[in-house]
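Chains A and B, in that order, are what the protein sequence lines are.
One rule links them: number in my numbering = place in the first sequence (from 1) + 2.
Read in my numbering, the second sequence has 49 at position 60, and its numbers run on one by one without any break.
Think of the hints as simulated: they come from the structure by calculation, not from any bench.
In this text the structure is predicted, and so the values were computed from the model without any measurement.
Glycine included, every Cβ here is placed at the ideal spot set by N, Cα and C.
Any given hint could be a false lead.
[As the list claims (entries may be wrong)] Taking lysine to aspartate or glutamate and the DMTMM-like style, the derived pairs with C-alpha atoms no more than 25 Å apart in a straight line are:
| no. | chain 1 | residue 1 | chain 2 | residue 2 |
| --- | --- | --- | --- | --- |
| 1 | A | Lys117 | B | Glu55 |
| 2 | A | Lys117 | B | Asp60 |
| 3 | A | Lys117 | B | Asp53 |
[Unchecked claim] On the chain B side, residues computed to face chain A include the following (Cβ under 10 Å):
| no. | residue |
| --- | --- |
| 4 | Gln24 |
| 5 | Cys27 |
| 6 | Met58 |
| 7 | Arg63 |
| 8 | Ala65 |
| 9 | Gly68 |
One letter stands for each residue in the lines below.
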Amino acid sequence: MRYLVLASVMTTAAVWANEVPLRQRVVSGSGLAGEGVIIGRAQCGASTWLLTDASALVEVRVAERSIVSRTIRGFAASEHPWGLACIGAGELWTLADYRTLARLSASGEVAARTKLGQPRLNVFGVGDTLLLQQPPGTAGGPLLSVVRVADVNRAEPWPGLTAARQSSVNIDVPSALVACGLAYEASLPCWITNQTRITVSDGTRGRTFSVQPQFLTSTAVDPNVPLWDVAVARSSALWILTSAASSESGRRAGGRLTRSNFRGDNLGAIDLTPRARVIVSASDHNVVVLTVAGTLMEVTTP
Amino acid sequence: MASKILRRRAIVATLVVMALAASRPASAQTPPNPQDACMSQLTSCYYWAAAEAGFWTMWAGGLDCELQMIDCIRRAVLGR
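Chain A on its own, in the form it takes in the complex (with noise of 0.2 Å):
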């Protein structure tokens, strides 16, 4: 019994000794507030590109701390663009509607339309392919898909997250949900919307990993959306965006960011101000948001 209590107090004080405050700073004011909602966001090289309802393409240059905002110049009236994905050398993708892949040019013109054989209901890039969001089919199928550029309509499935079993009577689109943060390499963090648990992979059943942040359960957060964001660093790092669990200006956002690693751990915390919209660059000891204010803020350990 002795024994037991000894090695559960190290055990203890061990992750006390991990646990580490993280220090916030803000280090650009951009000109980025509540200029609609963001509904896409990739990074390619050194910079992070945001596609928002607002017909704006957005590139953060992550070391300049600078922004640059374009218009997006040819989707019809009747296209409602969802996702953006950056895959190979730089080329952005996005749906223009369910069932059309349009690539973006940098300059924010539509440059080429795919047309899709089965409806989608997201993009995300890794490396260079496509991943698609399909709606849920059987219980147990991917929700993911990966596809190349080349042939869209000729889909591998990408393990971790399957679709559950819908129920007949009650309608829950949320849970059917998928949001893909950002990725090191090809290692790309995945989660479906209504639930904690994250899923990394490079798409390889031999590594695909099963995140279930351990700390979730003691944070307030949104139920409805728990996961606001998740970024994977260099040395298998996690820093987790929860969400909060009231919103100031009747948006959603991340209330607080945790550094945590493949086990799910709490390695240092720190509840944002402003609030966060989402992640733009990680890296193993550092962060930079967007925050709700339009400003780029730098979360580090010390």
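Could you slot chain B onto chain A? The hints should help.
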């Protein structure tokens, strides 16, 4: 055929209304479920589609309603 589709949509609309009625009232502590407002829009949209003239217009209107509902929920839970 048209009456079958209308009947099915009427059933879905009724289920949606029942689900909304059974849902908990929003409180200051519990954030509103993003699906609720979108479902309410779906019900109104189905009524609008059912009132359209001609089978194909009703059918296309109903499909539009469902796509709009998915977009509404997607915007609420995935929009940043």
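Against the structure, the hints:
1. Annotation: proposed proximity of Lys117(A) to Glu55(B) holds, straight-line Cα distance about 21 Å (limit 25 Å).
2. Among the hinted pairs, Lys117(A) with Asp60(B) is consistent with the structure: their alpha-carbon atoms are about 19 Å apart, no more than 25 Å.
3. Of the supplied pair hints, the one linking Lys117(A) and Asp53(B) holds, its CA atoms being roughly 19 Å apart against a limit of 25 Å.
4. Look at Gln24(B): its Cβ gets to within about 6 Å of chain A, closer than 10 Å, so that hint holds up.
5. A least Cβ separation of about 8 Å between Cys27(B) and chain A falls short of the 10 Å threshold, and the interface hint therefore holds.
6. Evaluation of the Met58(B) hint against chain A yields a held restraint, the C-beta minimum of about 7 Å falling below 10 Å.
7. A cut of 10 Å between beta carbons decides the hint on Arg63(B): the least distance to chain A is about 6 Å, and the hint holds.
8. Checking Ala65(B) against chain A: minimum C-beta separation of about 8 Å stays under 10 Å; hint holds.
9. Look at Gly68(B): its Cβ gets to within about 4 Å of chain A, closer than 10 Å, so that hint holds up.
Checked against the numbered hints given earlier, this structure breaks none of them.
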